Structure formats: C-alpha cells, structure tokens
Amino acid sequence: MRATAVPERVEAEAETVRTVGLCGHEVALDPAGALWWAAERTLVVSDLHLEKGSSLARRGQLLPPYDTAATLRRLAALVETYLPARVVCLGDSFHDRRAAERLAPAARDTVRALQRGRDWIWIAGNHDRDAPAGLGGEAMAELNLNGLAFRHEPRAGDCRGEVAGHLHPAAKLRLRGRGLRRRCFVTDGARLVMPSFGAYTGGLNVLDAAWSPLFPPRGFAAWLLGGRGVYGFPARLLLPDAA
Amino acid sequence: MDDLVTDPEAGLLPEPFASWFAEKGWTPRAHQLDLLARARAGRSSLLIAPTGAGKTLAGFLPSLVELSGMPRDRKGSKLHTLYVSPLKALAVDVARNVEMPLAQMGLGVRVETRTGDTPQVKRTRQRTDPPEILMTTPEQIALLIASKEAPKLFQNLKVVILDELHALVTSKRGDLLALGLARLRSYAPGLRVVGLSATVADPDALARWPMPQGTPEDKADLITVKGGVAPDVRILEPEARVPWAGHSGRHAFASVYEAIRQTGTSLVFVNTRSQAEMVFQALWHMNDDGLPIALHHGSLDVQQRRKVEAAMAAGVLRAVVCTSTLDLGIDWGDVDLVIHLGAPKGASRLAQRIGRSNHRFDEPSRALLVSANRFEVMECQAAIEALRDGAQDTPPPRRGGLDVLAQHVLGTACAEAFDAEALYDEIVTAEPYADLDHFTFEKVVDFVATGGYALRAYERYAKIRRRPDGKWRLSHPSIAQAYRLNVGTIVEAPMLKVRLVRAGRSKALAGGRVLGEIEEWFIEQLSVGDTFVFAGQVLRFEGLREAEAYVSRSRTEDPKIPSYQGGKFPLSTYLADRVRHMLHDEAQWRGLPGEVGEWLGIQKARSVVPEAGELLVETFARATRFYMVAYPFEGRLAHQTLGMLLTRRLERARARPLGFVASEYALAIWGLADMGAMVRKGRLSIADLFDEDMLGDDLEAWLDESMLLKRTFRNCAVISGMIERRSPGKEKSGRQVTVSSDLVYDVLREHEPDHILLQATREDAATGLLDIRRLGDMLKRIRGRIRHMDLDRVSPLAVPVMLEIGRERVGGDAEEGLLADAAEDLIEEAMGAGYGGSGARGGGG
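Protein chains in written order, with the UniProt record's numbering: chain A, 1 to 243; chain B, 1 to 845.
Simulated from the structure, these hints should not be mistaken for laboratory data. Do not rely on the hints blindly, as some may be mistaken.
Partial pick of chain A residues on the chain B-facing surface, computed with a CB cut under 8 Å [as the list claims (entries may be wrong)]:
1. Ala38
2. Pro64
3. Tyr66
4. Gly134
5. Ala199
6. Gly202
Some but not every residue of chain B turned toward chain A, in silico, with C-beta under 8 Å [as the list claims (entries may be wrong)]:
7. Arg399
8. Tyr424
9. Val428
10. Thr429
11. Thr450
12. Leu455
13. Tyr458
14. Glu459
15. Tyr461
16. Ala480
17. Ala482
18. Leu485
19. Thr624
20. Ile723
21. Glu752
Source: prediction; values computed, not measured. For every residue, glycine included, the Cβ atom is placed at its ideal position computed from N, Cα and C.
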C-alpha cells in the first residue's frame, strides 16, 4: 500500500537556467542537460551516444531506431536558443567506432547544419576514440579554455577546473514519500560532471562507489534535471538506488 | 453424455489394471471409466471436478492403459503423453503419484519430469531419447518446439494432459501454451487433449480452449463431477479484536497456533511470500510444544522445497505455512484443516484452497478464515456464503497477447523455416488467438523480423528473413541461443541468490549453502549488519558479491522484515458485489464477529451505510487537510487508477489535491481546499467528478506519464524479445548493453505511438495493473447513484483507509509509536470519546 503524492506544480524560481560557480567562472546549467558558458559563448553537451539503437540492433535488440533523431532534435533546440560560437561534445558522442558511418543521411545533414557558422569540437571518448569521418568539426583529446579543462573522463583526485562526462550521473531523492530519480550535474565548485545527453543513456547513481575518487563524501551537490528547471540538492539529502 | 460410447466394453478396465484396483480395494469411479471410454473413441475431454475426486488418475489412466498394450521396441520417438502443469512442484508430485501404479503393475513405462530445475544434460538427452510420459511446464513446451528435433520428438505423441487448466488460461503462460498446443497438433495430427480443471464459472468456454478452433472438433467433451460433501468453513474469532486496517493478521497468530495444536495436520495459506515468512517466524516463537511446522514458498531453494513436500507427504509435519505455490492440486496426503490468513479475494480461489484439506472425497473439508482487518471480515463472510451457494467467480479465458505471439513466431523460426500463411492458419486454431486478424499477424511477423518500425532502419539486422522460396528463416544461429534465454512470459524482478556463511566473514565472501533467492531491490536497501527474515530464520546481511547476497544467522529476535507488498490478486467482482449487499443489509452485519456490527452501526448513525447499487462519497476536514473518501469496492488496482484520474480533475477544479491512497475497498484523496464546501457552493459537482468521460482524454493524458504503464511496457518488451532479460553475470556491463525500458518507451511513444508493442501494452493495461475495464463498469453502474455525505469529521467506515495513509515503510520503535498515536486519535474521532484505548471496548452505537 503506497500513498501516492500528486505531482505538484514545481515551486521553482522563474528562470529555468541556474548559474553556478566553477573555479571563478560562472556557468549556466540548462534543464535539457547542457552547460552554457556565456562568457565564452560555448555550449557543452556530453555523452550523446548517437546510434546506440542501431548498435544494439546489431546484437539482436531491435530498439526503436529514433534515438539519434531524438537526441539531435534536442541539441538543435539548444543551438537555436543560445546561438553559441562554439559547441563542445564532451566525448562518447557516438556509441561505437562505426556509429558515425551508420548515421542516416538526414542525421548527417542535421549535424552539418548545426556546425555551420560556429566552432564544433568532438572531444574523444572511450566509445569514440577517433574523429568521426566526414562529419566536419574538430577532434581533440581535450580542450583547455580560459582555465577550464574539458575532457571526457574525469581524472581521479584533486582536479580544479575540470568539466567532464563519461559517468552519466543520476541522483535519487525522496520527496513527500515519493521516490524520484533524475539525471543530474554533479559539482563541488572545483569540478563539474555533466549528465548524459543521449536519448538511450541511463544514469549511474552519484552515491555509487565509482564517484568516490572524484568528490569528497557529502562534499558535493547534485543539480537534478526537471522538466522546467534544474534543482540543486546537497549530497546528504540524496539516496542510493532501491532505497 | 453416454451416447458417444457405442462399445459397451470401452469403459471397462483391462488387466493388469482391474487387478491392481482390486488389490487396493478400490473401485474405479464413474468419471474415470468415462474418460477411458472417450479416449478409446479418440475423443478429447475436459474433466471438471472438485479436489479429491481422483482427477489426476482419471487423466492418466487412458494413457497407461494404451501404453500397457503397446510393444516395447517401437520405432521412432517413444514420447506418448505430455503432462503440462502450471507449477514445477505439481509436475514433480504428479510424477511421483503416477510412478507408483506403474511400478506396482510392472508396466515398464518411463516417466520423467522436465522443468527449469532439470539439469541441462538430462534436458538434452530428453530431446533425443524421451520417456513415454513427460511431465512439464508451458515454458518447457515452448523450448522443445523451438528445437530442430521437435518434429521427430513429437511424431508419435498421442495425448496432452493439461492440469489445473482453469489457472493456466487466465495468464500469458496460457497464451504460450495454446500456441504450443497448436504447433503440437501439426506435428502429431489426431492428438487427444485431456483437460483437468477445478470448478469454473463458464465450463463451455473452457472446453473450447484446448481444441482447434475453426474446425468441426472445436470443443472437448465435458465431464463434470459434482462436489462431495459441503465444506465446513468458519471465520476464526480471535481473542484479540480485529484491527481497523493492515494485512498481517498478527492479532490472530495465537489463535492460529492453538488451532494447529488441536489439529492433526494444517495448511496455513497466506497471500504473499513476505507474509509467509512473518507468520512462520511468529509461529516458531510461540511453538512451546515443539510442533514440526514448515515453510514453503516460491523463493526458497528447490532442495528445501522438495524436503518440505516429502516431509508433508510422509505425514511428519503438523503444519506448513505456504503461498500460492501450493494453491494447486499437489497431493499432500492427509490435511485436516486449511487455515486461510487474510482475505480470500475470490470465491473460487477459496474453494480451491479449501479443497487442499482432506483429499478424501466423502468427508467435509475443514477450513478457518482469519480476517486481517474489519473489511476482510465482511469479505470472508461473503466468501463463505458464496461457497454455500456453489457460486464461481473464475475469470474467463483471456485474449492472447501480441507480445507472446511475437515470442512464438521467433520460436517457430528457431525450429525450422516457416511459411507465414501456414503459420497464420495454425495460430488462429489456438483459442486465445481465434480472432487474430491477418493484418495484425503480419505486423507481428514484421516486428519479429526488424522491429516493425515505420522507419525501415534495421533491414540488415533482421532476426528472420524471407527467402526466395517464400519461407521465413532465422538469420543466424546465435538468435536461437538468445531466444532460449528469453523464453517464457514471467518477467520477474531481478533476483539474487542468498548464501549462508559464518558471521563476520565479510572479507572472504564465498561458498556457503544456498538458502534461496530474494528480490534485488530488497537486498540493495540493506546495509551490512541489517537483519531480516528469510527461509524461516533471522539473518544478518554480510555483504553482496556479484549476483549473490551473503548472510549469517542472527540471534536477534527483532528483525527488519520485508515490507508488505499487498495482496497479489484484487478482490473479485463477484465478492465485491456480495460485500456491497452485505453492507446494506443490517440483519447480515449485526451478526458478524470482530466488532464489525458495532462499527457499521456507528457508521450508520454518523454518516450513512450505502445501498448496494450506490457509491458513497464522504467529505470531511481533519487537522489542516480536507479529505474525500469513496467506497467503490472494486479492488486496489482499479482504485489506484481512479485516484490518479480524480486528482487530475480535482486539480483542474482548484481543489488543490495533495495525494491519495487506495485500498481494496476504498479510496481517500486529501488536499488543501475544502471539497465539501466547494460542493455546497456549487463549485464542484460530484456527479461530474465521477463521470465516465474521465476514461477518455484524462486517461490518455495520465497514461502518458504513468509509471504503471511503463512497467506494463517493460513486461511486453521483454516477452516480445525487444529487450533482453537481465541475467546474472551480465550486470557488470549493464550500463553499456542494456537500455532502460522507460527510455525506450518515451522514444517510441513520441515517434511511433501506433507501434504494435504500444498496442499490446494498452491492451494489457486495460485488464492488468490499471484495471481500466473494471473501473469503466463501476462508473457506469453508479451513474446517478452517488450518495455524497458532507461530514464534520472522519466517519467510522473511512478509518481503515485513513490508516493506510503514511503506512508505507515505517521503521523503528519511535515511528511505530507515532503511528500508533495517530491511529488512536483517528479512531476516537470517528467512533466517539473513550473508544480509542487499545484495551477498551467501545460504548456501543
């Protein structure tokens, strides 16, 4: 028997974007799961995992083949909103090494259209070490910009000014008796780990042991992606999965 | 019935059977001879008989007689009779019972079982060297027909015996079996089917189920055995008073123990596994007489279950606490008393469970019903009256699921290339799929091949491909391997093995005896050192390694027990109707035990007791909140759906609802606006609120975000093969190779809302977790018959559901105390001052 809370109107501040400090810089967290660095007119997204659907189809799981289109559509909306001078895809943009080759012509066109008139950077990830062939953009192992380092895998230990992805952070909370699990940004003010952006990407609970080399226990906050806003919670309020 | 049998000798027992019966001092029963005669005439039959009528022997006798007259050195597959049961334990038990006469008559007929527990080596051998009689389950049939050996294996098959058919036909396992049966018929034309069933509401519908539809022989001969002596069923009147709410039945444990002590052998039925653990634990604590009491449920290790079953059959146990795993016809030897803890939920279900007591046909079965709360007292009484009237409320056979069909289509290709037209013709002979249209079938084949998407992206990854000869063929052998891992229709929560080690050995977690399996979500919420009850003992959690949980024995007596998950089965429509009538008839409820009469009396004085056809809706304020409580009596699932839809409407009406809780009998919604006042001022109409049109747009809108629909989708996605089952050992890389079904659901709903798997999901939701169909019937029924009572305080009838608010996962003594205080206040408010004290008996109405 479970008392079910009715989803209430989100009692959030009017702005949908939250600005947080990162090593002296101000960066904005967008509820779509992107980071906007206004000072550099740079938009950052991580772990797009394009063509994950077709990657799994090769192994016999015929999931709906709409994940790439869904992911690119959300990315296009962000580009249209911010009109960035630079877009950084923080690695694992493609689910496997052949994924870029499998892009449908329409998806290829979308990517090219998005790249027009701006810098486009593919940071290498563990799923996509090589630059995507014939897709434009610049491939890099990491990008250092005005004191912030953008790379795919966060480095263990103290690492100031790092923006990374790879871990697909998700956080769980209990609100009015109802469990809620969402993708999130994780930051302690010195380092920031981005949520995964791809339609078929899951999340790893930020209380999992994999996080302990990165953040001091309870010394970080998770910014959960809501429908209309980003909501910050200190680590002590978060729950492990299945609790 | 006898006009079919022209040969007067046909029903007579040949040797050595006649002598064997005589030696035992038995006379064959009329229905046993009847089945024999019909078998000789090549007829299929459905035998409907109460427990204890010798159903199993009747089913097997024709096969045994036929086999005894056959030469030993036959050519080809020896497999003559397939016996299919919904339970592994039943297959094992029946095998034991059939082996006995075979051995005593020296017939030299081999009987084997084949279940998920059978070792792989033996299963492989059975495919090439089968026994004459194979006892198995629907999943194993699906596996067998998906193998290349299938045509050879089944070429000489003569008989399929379907045991507990009434239970099989209401689930997706039944869909799978019906499709398997259609396939077996094409391998073995002339196949005879013997259905064995408990009494059902619609025998004719059931007689069609095992037969090929659309052919002249579309209905099995119906043989009905009337019930024996009427059972002796009573409601247990415990020393302690019946609680207002809850499901544990804890107040009655002492009386249950006493009943066990005074009886030879008892079966104690409970509704859930965690309740079984709790009851067993409690009985052991009061077991000063050292009675041999055992525990039996589906998560226990097989060896342990077999031990309990054997001990019970040998008559050395005084009681077994069990769940529905023992619902069906396992022969326990002599059971003197069935104790049913918690409400029975359905009249036929209760009849079947009571049938477990006393397998002697001519003596009355004895049963005690223990109500866990006050509404359950009425439910138990209604069930007893239904039993007296011989009323049945079994659900009708279901329409076949498209997800199961997809699984079957792929299984078909695993055996050999198939022609789509021939397969369609075969499938529509299966009763659950008799109405399947050709267009939908084509969509299912397309789904199996490439996912069935409008965007044709997966042609090169097709699982099956159409060859130039027009036949569909598997693209790669590895697909058959994957199919074998995914077969079946039961999608369980992921389970972990539980191993017993010595305390404090968390450094070296390894080895240890396997106690059974437990849900992953439960283990994940434990910290090392937490205690819980499992396999009948208090265990301490030592740690988790890979897919295994390590535990040690604990000395504590106050464990953290798995939280109650609610009854698995919703209250049957029939029993609900009876309870509604009872509620209105004061003469009936005055005599009920457990202060129920007094409770309803005060309800009548303070609010109203609704008429049978009415829906009572009460509004009142309490503390800082406003409540609306409705009493539809339609089961928790339908109430939950109703609650979701009503809160949406109330939100639009600016009643600012905050939440709701649903029980089997009632629904309580609370919010910040005074809903009673809104009705008085004409700002809210109760009739509009409960209008049927909520099943239109509101339902659609809610379904889109419903977790329940996502869970339903997950089941369909797994059964249909879109998503692979999670299997132990794969978890490590889980993040990379699997996608959460919720994400898949979101993407599919957005891009292809008419996809066949979403269609299957919606069909499931109508009868399954959302029970929309039942909700629709209710809304129709109560139209213009809603009785709204605007009260100045909580009513007595509302107390049970109000107590469910905030009940979930209360841990520790302090919280327990808080909850208890809250409950006392509530009861006092509803019933009048001086009533609340736990020891005090109320001053009456």
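Q. Measuring from the C-beta of Ala38/A to each C-beta in chain B, is the shortest one below 8 Å?
A. Where the cut-off is 8 Å and the nearest Cβ of chain B is about 30 Å from Ala38/A, the hint is violated.
(Q) Checking hints one by one. Is Val428/B an interface residue toward chain A, by the C-beta closer than 8 Å rule? (A) violated, 26 Å
(Q) Given Tyr461/B as an interface hint, is its Cβ closer than 8 Å to any Cβ of chain A? (A) holds, 4 Å
Q. With 8 Å as the cut and Cβ atoms as the points, is Ala480/B at the interface with chain A?
A. violated, 11 Å
**Q.** Interface hint status, Tyr424/B versus chain A (Cβ within 8 Å)
**A.** At about 22 Å, which exceeds the 8 Å cut-off, the nearest Cβ of chain A leaves the hint on Tyr424/B violated.
Q. With a cut-off of 8 Å, does the beta carbon of Ala199/A approach a beta carbon of chain B closely enough for the hint to hold?
A. holds, 5 Å
(Q) Take the shortest C-beta to C-beta distance between Ala482/B and chain A; is it under 8 Å? (A) Status holds, d = 5 Å.
Q: For the hint on Glu752/B, just tell me whether its beta-carbon gets within less than 8 Å of chain A.
A: holds, 7 Å
Q) Does the CB of Leu485/B sit less than 8 Å away from some CB of chain A? A) Not OK, violated: Leu485/B not within 8 Å of chain A, min 11 Å.
Q. Holds or violated: Tyr66/A as interface residue toward chain B, Cβ cutoff 8 Å?
A. With a closest approach of 4 Å, the Tyr66/A hint holds.
Q | chain A contact restraint on Arg399/B - CB to CB distance below 8 Å | A | Not OK, violated: Arg399/B not within 8 Å of chain A, min 25 Å.
Q. Do the numbers back the hint for Pro64/A, that is, is its least Cβ distance to chain B under 8 Å?
A. holds, 4 Å
Of the numbered hints listed earlier, those contradicted by the structure are 1, 4, 7, 8, 9, 10, 14, 16, 18 and 19.
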